[in-house]
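Hey, can you work out the whole structure from these sequences and the hints?
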Amino acid sequence: MTVYTKNNAVGIDKIINRMQAHLQRELNDWNIDIYHKLYNVDNKPVAFISDIDYRDVLLNDNQNVCAFLVKESESKSEQDLMKIDVDIIFTLNLSGTQREDETAKIIAYQAVKSSHWKVTGIERTLPVILSGFDLNGLEYRDMQPFFNFAIKCEVYYSLNECVKN
33 MTVYTKNNAV GIDKIINRMQ AHLQRELNDW NIDIYHKLYN VDNKPVAFIS DIDYRDVLLN
93 DNQNVCAFLV KESESKSEQD LMKIDVDIIF TLNLSGTQRE DETAKIIAYQ AVKSSHWKVT
153 GIERTLPVIL SGFDLNGLEY RDMQPFFNFA IKCEVYYSLN ECVKN
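Per the working numbering, the very first residue in the sequence shown carries number 33; after that it's consecutive.
Watch out, some of these pointers could steer you wrong.
As a list, the in silico DMTMM-like pairs of lysine to aspartate or glutamate whose alpha-carbon atoms are at most 25 Å apart [as the list claims (entries may be wrong)]: (1) LYS137 with GLU58; (2) LYS76 with ASP88; (3) LYS46 with ASP85; (4) LYS145 with GLU58; (5) LYS46 with ASP117; (6) LYS184 with ASP65; (7) LYS184 with ASP166; (8) LYS69 with ASP133; (9) LYS76 with ASP166; (10) LYS145 with ASP133; (11) LYS69 with ASP83; (12) LYS184 with GLU132; (13) LYS184 with ASP61; (14) LYS184 with ASP112; (15) LYS137 with ASP65.
Hints are computed from structural coordinates only; laboratory data are not their basis.
Structure (structure tokens):
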């Protein structure tokens, strides 16, 4: 398991780093790489892996991936908190494991639910999960042994808590 956190993170990046550490503890028996945010580069989903490097992480058949997709811009809530919608995307190759797709989804859901993030739903359709991205080459990823899903979350945080230390 490799976790790609952002160095010197602030704001939502700091909150995502914390969730990455939480998922690393909760899913420690999974062979999964946990990436930070996905970005849209030439309509392809790429993930942050270092301060200057990004990688297309969804096309490797042998790699199980968890990545974060920030869905909407921030807005201020009544309690002087920031709210942002974030999807935690899992793309798994279940061949060679004892884990079935629904079991994997339940385990991941429970791991996220045990954090401070509010789970609002689960999406199972790859074109919906990655809407806005070019999915050419990813069509085969939506059938066995591959299993893709997104855990949809609302994240509330104080900007005062997320300043650079």
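_Run through the hints listed earlier and report the numbers of any the structure violates, in increasing order._
Violated hints: none; all satisfied.
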